[in-house]
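The numbers in this note's numbering rise by one with no breaks, and the one at position 50 of the sequence shown is 50.
For the record, the hints were derived by calculation from the structure and aren't laboratory data.
A few of these clues could be false.
[Claimed, not checked] Cut-off 35 Å, straight-line C-alpha distance, at most; resulting in silico cross-link-like pairs (DSBU-like, lysine-lysine):
1. 93 - 66
2. 69 - 4
3. 4 - 104
4. 66 - 41
5. 4 - 41
6. 2 - 93
7. 93 - 41
The model shown is predicted, which means the values in this text are computed figures rather than measured ones.
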Amino acid sequence: MKQKILLIEDTPDVLESLLELLDMEGYEMQGATNGSEALEKLQTFVPHLIITDLRMPEMDGFTFLKNVKSNPVHNTIPVLVFSANATPENEDKSLHLGAAGFLKKPCNIDRLLEHIQILLHHR
1 MKQKILLIED
11 TPDVLESLLE
21 LLDMEGYEMQ
31 GATNGSEALE
41 KLQTFVPHLI
51 ITDLRMPEMD
61 GFTFLKNVKS
71 NPVHNTIPVL
81 VFSANATPEN
91 EDKSLHLGAA
101 GFLKKPCNID
111 RLLEHIQILL
121 HHR
């Protein structure tokens, strides 16, 4: 069975290339361009891992994280924050809100895949 990942990224070309890459790695992928859209997708798609950006229109990554972690249906899904806005404050806030990890963008793809593997195998 393929492991499912929900990827939330507001930059269309970044979203598209990461969806394609992770699909080629064997994951079942769904994408969303903001937190609101991602919450809608969670109604029908239950991923093993969520990867989210922080700065997005409509609903940012912090608000999305609060929503997911306060929902008993989804609060056990690990969330990896993947952001170019990687300040120590943002990392602390993300982890405090329940993120399972924090990764600075851009990062080398092997590092991203390594983080994904770790989070999926420590569920």
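Quick rundown of the hints versus the structure:
1. 93 - 66: Status holds; Cα separation ~11 Å.
2. 69 - 4: holds, 18 Å
3. 4 - 104: holds, 22 Å
4. 66 - 41: Roughly 16 Å separates the two Cα atoms, so the pair holds.
5. 4 - 41: holds, 12 Å
6. 2 - 93: holds, 31 Å
7. 93 - 41: holds, 24 Å
Of the numbered hints given earlier, the model fails none.
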